[in-house]
Amino acid sequence: MRYAEMGYHLEVDVATGNIEKVETDPKLTELYLGGLGSSVKLHWDRVPPEVKPFDDENMLIFSGGLLCGTPAFSANRTVVTFISPQSELLAYPMMGGFWSAELKHAGYDKIIFNNKSPELIYLWVKDDKVEIRDARHLAGKGALEVQDLIRDELNEPNAQVAAIGQAGESRCFTASIEQGRSSASRLGGGAIMGDKKIKAVAVRGTGDVHLADGAKFFELMEEVKDYINFRNTNPIPDVMTILSGIGSPQEMVHTDEKWHTESFAWGNARNRRKSFWTEDIEKSWTSTQIGAIKRLISCYNCPQHCGALIDAPDVPRYMMKCFSKLTYGMAAYVDNLDFSFNIVQKAQEYGVDGFSTPQILAFAVELKENGILTDKDFEGCPPDEDKEGRFMWLLDRLAHREGIGDIIADGTYWAAKRIGNGAEEYAHNNIKKHEQLPIKLGMLDPLYYLMYTTNEKISITQIEGNWPQAAFPKMEQRERFVEDWPQLPDDKFKQWLLDWEPRGEKSNPHFPTPPICSEIVDWMEMLHNIDDALGLCAGMASFCLKPPYHINNYHKLVSAATGMDVDQEELKRKVNRSRNLHRALNNRRGMSRKDEKPPKDHWRHRFPELEEELLTTYYTYKGWNHDGIPTRERLHELDLDYVADDLEQRGILINGEGQEDHQEHQG
Amino acid sequence: MAKVKKIIKNIKVDADRCSGCRGCEIACSAFHAEPKYSSVNPARSRVRVITHRLQDIWLPVFAGEYTPTECAGRDIYTIDGKDYDECGFCRAACPSRDMFKEPDSGLPLKCDMCEGEDEPLCVKWCLDGVLVYEEREVWVEEDSEEKKQEELDIGLGSLADKFGLNQLKDAMARMTTKE
Ligand code: SF4
Ligand code: SF4
Ligand code: SF4
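So the sequence lines, in the order shown, correspond to chains A and B. Heads up, the first sequence is in our numbering, so the first residue is 1 and it goes up one at a time. Heads up, the second sequence is in our numbering, so the first residue is 1 and it goes up one at a time.
Bound conformation, chain A alone:
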């Protein structure tokens, strides 16, 4: 019997209609865990680096995490992996909600899609019964409405449906995959579904998920439960509200948006409005938000209810989560919150990423204001004073790839290349061709520098979370913070926090020092990679301060659930293995040090030498060479000799360990 995992993948060739239920080798889990970990391995094995995003061979995997479907609170992530049309690297956006648990109960750990269907279809999985169904009648339907249409036509009210809207069908590079109150948004998974002509994947499962030592697992969950209750009643003092709790940022609960609206940049990630949050704004925003939110809703098996059912004036009902409440309004320079609730509904039906898309629309507006795009490109667009109408109009064009929409649907990086004429300057907020959070700050932050530049996620949240975002001004605050911090891998981290000052010698950018930064960032990255393999919501683990899940309890959960005997070191080894494999996969696709750059204007005060030192120190700590490629030695430690061989054969690693010497002066 298999525990925690189901031991089967569904392999679906949408070109031929061939569907196979394939038993997996338990070794795959032993070596790479589940979720992102084992998906990376499948991509490495099957998708050669020559494959382009819209090639038949761009395999698309929907994966539950190893702990999805177990009673672990908040273990509900579905990881979608594919070569991104935007970054051209292996992307892995995730969604919460209810889909992954349903897949596990249906009896599968992953669904693997290959090739392209000639006509629009959807996949229907009900336990052992799996069928490809015609979806031609669903073409052009919204990503939300189609979920109910499918449930209705199947007469399966409990089926969970992940679907694309118009934007996915027209292969917008920022098309998302929507599912109930959740979505896998970043880096264009919806475009790959659309390219394969898969409108939706509907699942319903009624089978058991087994636990190796269920009694032990429940004992551990009791502890987690107590800690969740503790954290929900004891917010962390001395940090801003949004960081004080657990769960994803509680954007549906908190109405005080002074910090976001004044600290994040408006428009095309341009200007901060440091006195935006007036009393009038506060009053109007609070009443709009409270009026719009019908009910707070959770993902599967999670008490944190980060999403909400939205019932706003003149807008069909829908569900919202997290930060999209602000991204469109701020990008459009629109000061009333009604607009946000309105446009997000439309954006979700189209199925587009709520971070990239608003920036793309704002980018188009800027190009017009600066004469790079012309009136002709904007023919039919409401006048400039009507900022709301203009954004809506642009969104419609983008989702349908009509007129100028066909160009901006590729995201700012590719659109700027196509437009030329200086447009590149306006695609200024990207890392690895992908739009980032609209944050523009003063002083270089060495921790964030590493997180932004080096992680394969390439998207917001990167790998931050467990380490405070800023130094505490007062020693007593630092002491209070470190006093009760069981989530740390080592007590020496406490001293670093105690030493860290907001100003002066021991502050950004020189403290934490590059070696200390390396350890902190490596730890935080590892937490994210563990979550993504186990299917845990980062909001309950890697993405928040003092979370219920951490490096000192993950391995216990994994052991009790799976029956593998995994201690902390072994768990780290497993995630390091898939993390390095992921890096090698992207290296094989051409990524290296040259690509690891934050947006030029992310910080006003930059320190080129220090930045190089940070990068080199971190690479060395990771066991990567000067170019950011894992050394043969590192790969060997992780049983990845086959990867070293491959990289050498392709000339990406030269003679393995001697690599550093060869590359020292490049870069």
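FYI, nobody ran anything at the bench for these hints, they're computed from the structure. Do not rely on the hints blindly, as some may be mistaken.
Pair ranges (Cβ atoms, derived) [as the list claims (entries may be wrong)]: (1) A/H254 <-> B/D83: 26 to 36 Å; (2) B/R17 <-> A/W485: 25 to 35 Å; (3) B/R17 <-> A/E479: 35 to 45 Å; (4) B/K82 <-> A/D238: 34 to 44 Å; (5) A/I242 <-> B/E134: 34 to 44 Å; (6) A/I290 <-> B/D83: 23 to 33 Å; (7) B/E141 <-> A/V315: 51 to 61 Å; (8) A/G403 <-> B/P95: 53 to 63 Å; (9) A/I290 <-> B/G129: 12 to 22 Å; (10) A/E223 <-> B/G116: 21 to 31 Å; (11) B/D83 <-> A/E569: 55 to 65 Å; (12) B/D83 <-> A/H137: 25 to 35 Å.
Sample of chain B residues facing chain A (criterion: CB under 8 Å; computed from the structure) [as the list claims (entries may be wrong)]: (13) G20; (14) R22; (15) G23; (16) A30; (17) Y37; (18) S38; (19) S39; (20) N41; (21) R53; (22) D56; (23) L59; (24) V61; (25) P103; (26) G106; (27) L127; (28) D128.
None of the values given here were measured: they were computed from a predicted structure. C-beta: ideal position from N, C-alpha, C; glycine also.
Dock chain B with the ligands against chain A, hints included.
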């Protein structure tokens, strides 16, 4: 007449606060797994959260009695502007739906209030405070012999009406030989 003490077990459901997480279903199914906690399967749970997302309906319903035949008529309740359709509040394991039946055998499930536990598992696992457990002691009159006889007569009478005396006699005879 003699009075006896009876414990009434109650789960109060504050449905307006339900976040739809289904933690209650998970806990219930794990608790009733064989061996206890060895597996999870919400399809086996004795509490199910009836969900109509856009209608703002998240309604935890507990498995009640088994019924061999479905109702001839159906009801639609409108409360607070929301339509609770057909079988919305019904607790029966009924042929008209899959709910409250073991997915493999089809055998009916019934909430047993987690017999033997201090607190029902679904209540314990609902961290949003939607489910609240209460015990009430009530003193009830012990049923007298005459009253019991009376109830038996009424029950048998209704069966005789429904099936005819002969069929009832046959059934009784079969049950006696089985015993
Ligand atoms: S913390 Fe929020 S986003 Fe994460 S699983 Fe829970 S409800 Fe979902
Ligand atoms: S009281 Fe116990 S048996 Fe009844 S639904 Fe809750 S967990 Fe299940
Ligand atoms: S555990 Fe509580 S909040 Fe979650 S679905 Fe059940 S009743 Fe609702």
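Quick rundown of the hints versus the structure:
1. A/H254 <-> B/D83: 26 to 36 Å: holds (32 Å)
2. B/R17 <-> A/W485: 25 to 35 Å: holds (32 Å)
3. B/R17 <-> A/E479: 35 to 45 Å: Cβ of B/R17 to Cβ of A/E479: about 38 Å, so the range 35 to 45 Å holds.
4. B/K82 <-> A/D238: 34 to 44 Å: About 43 Å separates the Cβ atoms of B/K82 and A/D238, which means 34 to 44 Å holds.
5. A/I242 <-> B/E134: 34 to 44 Å: With Cβ atoms ~37 Å apart, the hint holds.
6. A/I290 <-> B/D83: 23 to 33 Å: holds (25 Å)
7. B/E141 <-> A/V315: 51 to 61 Å: holds (58 Å)
8. A/G403 <-> B/P95: 53 to 63 Å: holds (56 Å)
9. A/I290 <-> B/G129: 12 to 22 Å: Holds - the Cβ-Cβ distance for A/I290 and B/G129, about 21 Å, lies within 12 to 22 Å.
10. A/E223 <-> B/G116: 21 to 31 Å: 23 Å Cβ-Cβ, so the 21 to 31 Å window holds.
11. B/D83 <-> A/E569: 55 to 65 Å: holds (56 Å)
12. B/D83 <-> A/H137: 25 to 35 Å: With Cβ atoms ~27 Å apart, the hint holds.
13. G20: Hint holds; B/G20 Cβ to chain A Cβ min 5 Å, cut 8 Å.
14. R22: Holds, because the Cβ-Cβ distance from B/R22 to chain A comes to roughly 6 Å (cut-off 8 Å).
15. G23: B/G23 check passes; min Cβ-Cβ to chain A is 5 Å, inside 8 Å.
16. A30: holds (6 Å)
17. Y37: Hint holds; B/Y37 Cβ to chain A Cβ min 3 Å, cut 8 Å.
18. S38: The hint holds - B/S38 has a Cβ within 8 Å of chain A, the shortest such distance being about 4 Å.
19. S39: At 4 Å from the nearest chain A Cβ, B/S39 passes the 8 Å test, so the hint holds.
20. N41: With a minimum Cβ separation of about 5 Å from chain A (threshold 8 Å), the hint on B/N41 holds.
21. R53: It holds, given that the least Cβ distance between B/R53 and chain A is near 7 Å, below 8 Å.
22. D56: Holds, because the Cβ-Cβ distance from B/D56 to chain A comes to roughly 5 Å (cut-off 8 Å).
23. L59: Violated: closest Cβ of chain A sits about 12 Å from B/L59, beyond 8 Å.
24. V61: violated (14 Å)
25. P103: holds (4 Å)
26. G106: violated (12 Å)
27. L127: holds (4 Å)
28. D128: holds (5 Å)
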